[in-house]
Structure formats: C-alpha cells, structure tokens
Amino acid sequence: MPSATHPSRPDHAMVLAAGLGTRMRPITDAIPKPLVRVAGKTLIDHILDPLAEAGVTTAVVNVHYRADQMEAHLRGRSAPRIVISDERAELLDSGGGVKKALPHLGRRPFYVLNADSFWIDGPRPNLARLGDAFDPARMDILMLVAATATSTGYDGVGDFAMTPEGRLVRRAERQVAPFVYAGVLALSPALFDGAPDGPFSLNRLFDRAAERERLYGLRLDGLWLHVGTPEAIAMAEEQILESAR
1 MPSATHPSRP DHAMVLAAGL GTRMRPITDA IPKPLVRVAG KTLIDHILDP
51 LAEAGVTTAV VNVHYRADQM EAHLRGRSAP RIVISDERAE LLDSGGGVKK
101 ALPHLGRRPF YVLNADSFWI DGPRPNLARL GDAFDPARMD ILMLVAATAT
151 STGYDGVGDF AMTPEGRLVR RAERQVAPFV YAGVLALSPA LFDGAPDGPF
201 SLNRLFDRAA ERERLYGLRL DGLWLHVGTP EAIAMAEEQI LESAR
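Residue 1 is where the sequence shown starts when you use full-length UniProt numbering, and the numbers rise one by one after that.
Heads up, some of the hints might be wrong.
Below are the SDA-like pairs computed for lysine to any residue, each with C-alpha atoms no more than 25 Å apart in a straight line [claimed, not checked]: (1) Lys41 x Ile27; (2) Lys41 x Val169; (3) Lys100 x Gly183; (4) Lys100 x Pro196; (5) Lys100 x Pro136; (6) Lys100 x His64; (7) Lys100 x Arg66; (8) Lys100 x Glu231; (9) Lys41 x Ala30; (10) Lys100 x Ile82; (11) Lys100 x Tyr154; (12) Lys41 x Glu231; (13) Lys41 x Gln239; (14) Lys41 x Ala67; (15) Lys100 x Pro199; (16) Lys41 x Arg129; (17) Lys100 x Arg88; (18) Lys100 x Gln69; (19) Lys41 x Arg204; (20) Lys41 x Glu53; (21) Lys41 x Glu90; (22) Lys100 x Arg77; (23) Lys41 x Thr229; (24) Lys41 x Pro125; (25) Lys41 x Tyr154; (26) Lys100 x Lys41; (27) Lys41 x Thr28; (28) Lys100 x Ala195; (29) Lys100 x Gly122; (30) Lys41 x Asp68; (31) Lys41 x Tyr65; (32) Lys100 x Ile27; (33) Lys41 x Asp29; (34) Lys41 x Pro136.
Calculated directly from the structure, the hints in this document are not laboratory data. No experiment lies behind these values; they were computed from the predicted model shown.
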C-alpha cells in the first residue's frame, strides 16, 4: 500500500509486453522479447523485481506475441501479483493496451513501463523517486528521462528538453534534445477520459499532457541501458558487471 507520507506513490503498474520484438530478431523468432535474458535474468523480471521492491502489489502485463510462453513464465512469480491483459486477438499499441487494462489498475495514479526498460539505479531507486515526485495536482504524467548523450545502446537524437521547473518540451524537428524517454512513467488514469477505443499510441496522451503544461520529467539517477537489439545485450551486460565492481 502507498505510505502515509507519500500518498501518491503508485501500488499498481502496467507493463507493456505485447510487442513483436522485431529489432531483437533472430532471438525473438523463438521467444517474446520480454523473455530475452540479460545477465541471466529475463527483461521482464528486471522490471517486475524493482516494482515489487517499490511497493507495487499488482502488475498488469499485456500479452500478444507468443503469449503462452509469457503466461507460463509469469505464473512462476509470487510478487507482485500478476494480472494478464490478453491481446492475442488484436494488438492495441501502447495507449490502447493501457486503456484496456484500466479496470485492473484502480483509480489512483499508476506506473506504466515498457517491458524492455532497463536501468542501473543510483543511490536511491528510480521507481521510488518517480512515485514520490509524482504530483497529480500539477502533473498528468511524470516521465523518467535519461541523458541522451550518456545512455548505453542509444544512438538517437533524444525526445525532450526540460524547463527549470521540470516540464518537458518536445524536441523540435532536426534538433537534438538532451533527454530521451526511458520507458517508465507515472500517470493519472483520468488522462484516459475520452481516449479512443482500439489501438492508439501513448504519444497521443503525451501530447495532450504537454499542451496542458502537465507533462513533467524526472532525470534518471544512474544509467539507462537501451536493450533494443541483440548487440545491445552484450553492452548492457558489460555495464552491469562494471557497476558491480
């Protein structure tokens, strides 16, 4: 349960695990991307373990590609409690996937994480920092962002700039932005009021929050690892070994 001193800290989470994992082929020809192992542990367990440590009691996981394998793996977990959101019939994209799962996520703010989000924490766990910093009076979304220039496995041009107050501003076309979305956020379920049925991207809600000046960022403390390709696995494992020294 959320602590009395941090009433907005989420105790529910949505883990987006239904993607096809095309950039991780040929590994994902046989298994879904969330079951790819990095340093001996599946990507989705690298997500679910810190969620449990952050006080999350229920995690909703959507499944589509090789869903039977996902369900079999998740049955072996004891914490957090896993609820499956079945998208075998239709892949709903990130926004549609969360909307379908809303009945399981409660009425309070909750976390949303990509199943391949991967980071090495600094002195204080980033999920606790994110949950404690989320202020629904000012924010629709608080997004964990990483420094574009120092993230392992990432070669893009970034997503956002950040104002001194912590608000996020979309990168202008043909510009490089200092921060990249790290695949982890906290949001209020009311943001989905009026959202369409069927498939749609969370980017639509990012834009809605930004237009209201209610899209905020929290800089990741530690190191973000973008594990998007087979080559990136070795890079991530090297960083994990380095951090343990």
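Agreement of Lys41 and Glu53 with the hint, judged by alpha carbon distance not exceeding 25 Å: Holds. Lys41 to Glu53 sits at ~16 Å (cutoff 25 Å).
Pair hint outcome, Lys100 versus His64 [Cα-Cα no greater than 25 Å]: holds, 13 Å
Pair hint outcome, Lys41 versus Arg129 [Cα-Cα no greater than 25 Å]: Satisfied, since the Cα-Cα distance of roughly 24 Å is no more than 25 Å.
Pair hint outcome, Lys100 versus Ile82 [Cα-Cα no greater than 25 Å]: holds, 16 Å
Pair hint Lys100 and Ala195, alpha-carbon separation not exceeding 25 Å: holds, 11 Å
Given pair status - Thr229, Lys41, alpha carbons within 25 Å: Cα-Cα ~16 Å, so holds.
Pairwise hint evaluation, Ala30 against Lys41, where the allowed Cα distance is 25 Å at most: holds, 17 Å
Satisfaction of hint between Thr28 and Lys41, Cα-Cα up to 25 Å: Given pair Lys41, Thr28 holds - Cα atoms ~16 Å apart, limit 25 Å.
Straight-line alpha-carbon gap Lys100 to Tyr154, limit 25 Å: The hint is violated at about 30 Å.
Straight-line alpha-carbon gap Lys41 to Arg204, limit 25 Å: violated, 33 Å
Proposed proximity, Ile27 with Lys41 (alpha carbon, max 25 Å): holds, 15 Å
Pairwise hint evaluation, Lys41 against Lys100, where the allowed Cα distance is 25 Å at most: Distance of about 28 Å is beyond 25 Å: violated.
The earlier numbered hints that this structure contradicts are 2, 8, 11, 19, 21, 26, 29, 32, 34.
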